[in-house]
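Participant: Just so you know, the protein sequences line up as chains D and B, in that order. According to our numbering, the first sequence holds residues 1 to 120 in order. According to our numbering, the second sequence holds residues 1 to 120 in order.
By construction, these hints were calculated from the structure, which means they are not laboratory data. Here the structure is a predicted model, which is why all the values come from computation and not from measurement.
Identical copies carry no separate label here, and so any pair may be met within one copy or between two of them.
Quick list of in silico lysine-lysine cross-link-like pairs, BS3-like style, CA-CA up to 27 angstroms: (1) Lys-55 - Lys-25; (2) Lys-95 - Lys-20; (3) Lys-25 - Lys-89; (4) Lys-55 - Lys-83; (5) Lys-95 - Lys-83; (6) Lys-83 - Lys-20; (7) Lys-83 - Lys-25; (8) Lys-55 - Lys-95; (9) Lys-89 - Lys-55; (10) Lys-20 - Lys-55; (11) Lys-89 - Lys-20.
2 protein chains.
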Amino acid sequence: MRFERAEHCDCTVIHEDAIKMVQEKLPEYQLIYEVSQLFRTFGDPTRARILCALKEAELCVCDLSALLSISQSAVSHQLRILKGMRMVKSRRNGKVVYYSLADEHIEALFRIAFTHVTEE
Amino acid sequence: MRFERAEHCDCTVIHEDAIKMVQEKLPEYQLIYEVSQLFRTFGDPTRARILCALKEAELCVCDLSALLSISQSAVSHQLRILKGMRMVKSRRNGKVVYYSLADEHIEALFRIAFTHVTEE
DNA sequence: TTATCATATGAACAACTGTTCATTCGATAA
DNA sequence: TTATCGAATGAACAGTTGTTCATATGATAA
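Produce the complete structure using the sequences and hints provided.
Facilitator: Structure below.
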């Protein structure tokens, strides 16, 4: 009984048993996709810097703009993305909108990533 | 004494103290950049699927191609990127090249990310 | 009301990314 | 050698992304 070959692969499958075993353990595509989207959002230096700053304190758009030397518009656009991914939350006080990290998971992921990068 | 405003921001800086405090704690740009590049590499669904598969077993390019229904060329290109980021390692045995995760950090990061995504 | 300030957003554009296709490389076997 | 197979790679291309610029909101103060 041969492994059913994917149309995209014109090679001979060499390790049928391994493939079958992995196939059973592999998470659903949707789940992997969501995880990758989470990582992708971290994966832009500007967003990463914004998150790092918000890790330390609640800040308004203008603070972030000045602190990171990024235009107000760019900060605002990125905050919109971060909010869409539920990584930051905001509250308005008069004209000023304050942003902070949505939950402690974000901070935890960063801590681990920094450990990983600085360890080697 | 006023906070020195960045040229990109035409707003009035509102929270000088907060900015000053965050500025001291903020990691260097280079470090944040490296972390974001690490995340970015995870941030593509194809690469994430390859890494998930390699988490379970050592596999050759052909195995991955068949298992994930991705062309051999696409798999090979992505493995090149993953290897460049030191996230996978490879060994050649005759015509076949076997890939596996570079270290246990990769697996750990995935575990946490999955927990995060599935928790909410 | 009008003016001003902080923020948000749409459009445009350049830069980047991931795939496909065609080809090449590297190793083995005939 | 020549043929074959698994893997790697360069070029091209479509799709995506992040920034800038201009403008629009939304809230406050005059």
